[in-house]
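Number of protein chains: 2
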Amino acid sequence: MRTKAIQFLSLIGLIVFSNTNIQAQKNAKEPLMIAEQGSFAVGGTVLKSPGTFNPQKPTAEGQTFRGDHAYVFYQIPVKARKYPLVMWHGIGQFSKTWETTPDGREGFQNIFLRRNFPVYIMDQPRRGNAGRSTVASTIEPTPDEQNWFNVFRVGMWPKYYEGVQFAKDSATLNQYFRSMTPNIGTIDIKVNVDAASALFKKIGAGVLVTHSHSGGMGWLTAIKNQNVKGIVSYEPGSGFVFPEGELPKPIASSAGALEASSVSKEDFIKLTNIPIIIYYGDNIPEKYSENSGADGWRARLQMARLWRDAVNKYGGDVTVVHLPEIGLKGNTHFPFSDLNNIQVADLMSQWLKAKKLD
Amino acid sequence: MRTKAIQFLSLIGLIVFSNTNIQAQKNAKEPLMIAEQGSFAVGGTVLKSPGTFNPQKPTAEGQTFRGDHAYVFYQIPVKARKYPLVMWHGIGQFSKTWETTPDGREGFQNIFLRRNFPVYIMDQPRRGNAGRSTVASTIEPTPDEQNWFNVFRVGMWPKYYEGVQFAKDSATLNQYFRSMTPNIGTIDIKVNVDAASALFKKIGAGVLVTHSHSGGMGWLTAIKNQNVKGIVSYEPGSGFVFPEGELPKPIASSAGALEASSVSKEDFIKLTNIPIIIYYGDNIPEKYSENSGADGWRARLQMARLWRDAVNKYGGDVTVVHLPEIGLKGNTHFPFSDLNNIQVADLMSQWLKAKKLD
Chain L
1 MRTKAIQFLS
11 LIGLIVFSNT
21 NIQAQKNAKE
31 PLMIAEQGSF
41 AVGGTVLKSP
51 GTFNPQKPTA
61 EGQTFRGDHA
71 YVFYQIPVKA
81 RKYPLVMWHG
91 IGQFSKTWET
101 TPDGREGFQN
111 IFLRRNFPVY
121 IMDQPRRGNA
131 GRSTVASTIE
141 PTPDEQNWFN
151 VFRVGMWPKY
161 YEGVQFAKDS
171 ATLNQYFRSM
181 TPNIGTIDIK
191 VNVDAASALF
201 KKIGAGVLVT
211 HSHSGGMGWL
221 TAIKNQNVKG
231 IVSYEPGSGF
241 VFPEGELPKP
251 IASSAGALEA
261 SSVSKEDFIK
271 LTNIPIIIYY
281 GDNIPEKYSE
291 NSGADGWRAR
301 LQMARLWRDA
311 VNKYGGDVTV
321 VHLPEIGLKG
331 NTHFPFSDLN
341 NIQVADLMSQ
351 WLKAKKLD
Chain C
1 MRTKAIQFLS
11 LIGLIVFSNT
21 NIQAQKNAKE
31 PLMIAEQGSF
41 AVGGTVLKSP
51 GTFNPQKPTA
61 EGQTFRGDHA
71 YVFYQIPVKA
81 RKYPLVMWHG
91 IGQFSKTWET
101 TPDGREGFQN
111 IFLRRNFPVY
121 IMDQPRRGNA
131 GRSTVASTIE
141 PTPDEQNWFN
151 VFRVGMWPKY
161 YEGVQFAKDS
171 ATLNQYFRSM
181 TPNIGTIDIK
191 VNVDAASALF
201 KKIGAGVLVT
211 HSHSGGMGWL
221 TAIKNQNVKG
231 IVSYEPGSGF
241 VFPEGELPKP
251 IASSAGALEA
261 SSVSKEDFIK
271 LTNIPIIIYY
281 GDNIPEKYSE
291 NSGADGWRAR
301 LQMARLWRDA
311 VNKYGGDVTV
321 VHLPEIGLKG
331 NTHFPFSDLN
341 NIQVADLMSQ
351 WLKAKKLD
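Sequences listed follow chains L and C, in order. Heads up: the first sequence at position 325 corresponds to 325 in UniProt numbering, and the numbers run straight through without jumps. Heads up: the second sequence at position 296 corresponds to 296 in UniProt numbering, and the numbers run straight through without jumps.
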């Protein structure tokens with residue numbers, strides 16, 4: 001009798017085990033179950049021309065112009081987790097940052113939808129689908145791709161870094177360079193932060209995921225809006241804010257000096273209320289290097305550590321992770337779309353879980 | 001015995017019937033089952049600056065610039081139908097045209113995903129997320145919204161048309177106006193048609209869904225690429241192509257004269273190989289009107305009918321539907337996002353079915 005019971009239990013065990021395996025294998029190809037998806041504009045301002053609108057001979061007179069809003073595309077999966085992820089691109093980029101990778105794999109948009117997070121992807125004001133700018137601009141097609149190849153640490157043009165987590169075929173490079181789009185008008189930090197804050201006002205509590213140039217604007221968004229419950233920042237590039245009177249010296253690099261900026265002590269303290277994690281990739285020189293594309297990141301990583309120490313000194317919870325130090329090698333400026341982006345996403349998932357943000 | 005059998009069958013019948021009802025009611029709220037989704041750039045060109053790239057002091061010298069591609073976001077539902085729908089925005093617009101409606105309902109993107117069509121939404125070169133333009137441009141924020149309100153036939157600013165299929169709250173109007181984004185550089189018909197054709201080369205056979213300004217470019221795309229198996233065109237605004245020597249006279253309107261353009265007889269004949277349907281909405285004057293916003297559409301509807309007759313004369317299959325004539329009243333220039341857009345989608349579904357394109 002007992003023997004039979006044991007045989008029976010083992011059988012159950014086998015079934016469960018094999019099912020688990022099948023799940024693991026199928027996972028990447030399972031359909032995305034989207035409970036809701038859509039898009040909207042948020043924030044922004046309205047210009048008005050004096051005079052009276054003449055419908056027969058329309059001029060600007062008496063007409064309005066809405067601009068400087070952010071554009072957001074969102075997807076909410078079934079069985080959604082509590083906090084949505086708001087993903088904010090970096091310099092010269094737009095929503096594509098988080099979508100299909102240059103070599104055609106799934107980016108953070110799909111990866112975190114599969115992990116049941118609502119995903120909101122933002123085009124900041126005057127960028128991509130949020131192109132209606134309240135300021136005039138002239139845009140020149142200026143060849144710049146070889147420089148981005150270096151600055152984004154894919155390699156030293158035309159050489160790829162050894163072991164870089166980036167596919168080396170020309171189709172990938174073509175998609176990579178076409179993932180950029182110009183700013184329509186000057187980049188206005190306040191305009192961008194206001195729009196990001198308006199988004200958090202609309203959707204409520206969530207986690208902000210920033211990249212590069214949006215890193216600094218992310219700190220300001222969290223200061224402005226308490227609905228930002230945590231920040232995951234990939235390679236923040238500038239805008240490290242310190243309390244007035246406590247700014248570190250500029251950090252020299254062959255890409256130029258990196259300066260910190262200041263906020264009031266009162267505002268700075270707000271950054272101690274939420275968990276923040278910062279990730280940097282590989283191929284960042286340890287000492288001053290004439291490779292200005294890479295050397296700028298040495299300065300930024302150094303500044304990020306000073307900033308971590310400053311926030312934590314006041315009781316904050318900031319972690320800086322230099323990926324090679326924990327065994328993830330070859331990451332570029334875009335770890336979330338690199339060849340090992342599943343591992344990069346796993347690190348983020350573990351942190352969100354540890355901070356009870358999932 | 002027989003009685004019991006009959007009772008049993010009736011019972012089955014009842015169950016099936018009630019299930020069908022529940023399905024019908026739940027449908028709008030069922031999750032979208034997405035087998036695959038992503039984005040990519042397609043088409044475009046590459047500029048190269050002479051000289052040698054200097055990584056230390058980077059200038060344009062020796063660098064490249066990729067631009068004039070289209071950007072595409074696609075979703076393929078489970079149990080997908082044979083032909084994907086490629087949706088192409090109109091003047092001043094971008095992918096938003098097909099996404100969430102200004103009043104927050106589902107647009108054609110979701111509606112046709114629910115009907116199991118793969119949906120590819122395109123931003124044409126130099127627009128929205130495809131902003132990397134190979135030509136320079138200066139963009140001025142020019143107040144223009146009251147004029148668009150009239151031209152898009154929402155009403156005669158500030159009055160809405162009686163019975164217009166457009167929500168009258170200010171939040172809707174705000175989203176509506178923020179759904180526009182400027183062109184970055186001149187609108188280049190050939191550049192746009194080349195990119196659209198490159199998309200059909202990549203994805204294979206499909207159905208093109210155009211709006212307004214993309215209408216004319218849609219005919220040219222079908223002439224260029226045989227993978228366009230049918231066209232659904234909402235309110236095509238210009239670019240009606242006729243065989244050389246067979247152009248109709250320009251049609252006068254208070255918005256200016258509408259002229260046809262010409263293609264070779266050989267190219268024109270290609271338009272007779274696919275089914276094409278054209279829809280126009282309501283509030284288009286029947287005779288010359290001083291309301292130039294609306295009167296332009298009288299000329300375009302008239303030109304569309306001349307074009308239909310020309311294509312059909314050579315054995316084509318073009319249908320022009322003036323929605324009020326079949327009982328759909330109050331539609332604006334954007335029937336696919338109007339309040340009755342489900343009915344508008346039903347008409348499209350019926351046509352696709354009739355033409356064996358579903």
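Worth flagging that the hints you see were computed from the coordinates, not collected in a lab. Just to be clear, a hint being listed does not mean it is correct.
For identical chains, the list gives no copy identity; a pair is met inside one copy or between any two copies.
To be verified - Taking lysine-lysine and the DSS-like style, the derived pairs with C-alpha atoms no more than 25 Å apart in a straight line are:
1) K57 / K29
2) K202 / K168
3) K329 / K190
4) K329 / K224
5) K79 / K29
6) K79 / K353
7) K265 / K356
8) K313 / K201
9) K159 / K48
10) K168 / K48
So, going through the hints one by one against the coordinates:
1. K57 / K29: Answer is neither: 56 Å inside a copy and 46 Å across each miss the 25 Å cutoff.
2. K202 / K168: For K202 and K168, only the inter-copy Cα distance (21 Å) is at most 25 Å; the intra-copy one is 41 Å.
3. K329 / K190: Result: close neither inside a copy nor across copies, 36 Å intra and 44 Å inter.
4. K329 / K224: neither (35 Å within a copy, 46 Å between copies)
5. K79 / K29: Both, since 18 Å and 14 Å are each at most 25 Å.
6. K79 / K353: within (17 Å within a copy, 35 Å between copies)
7. K265 / K356: neither (27 Å within a copy, 68 Å between copies)
8. K313 / K201: Answer is neither; intra-copy 29 Å and inter-copy 58 Å both fail.
9. K159 / K48: For K159 and K48, the Cα distance is within 25 Å only across copies (19 Å; inside one copy 52 Å).
10. K168 / K48: Between copies, since 21 Å is at most 25 Å while 50 Å is not.
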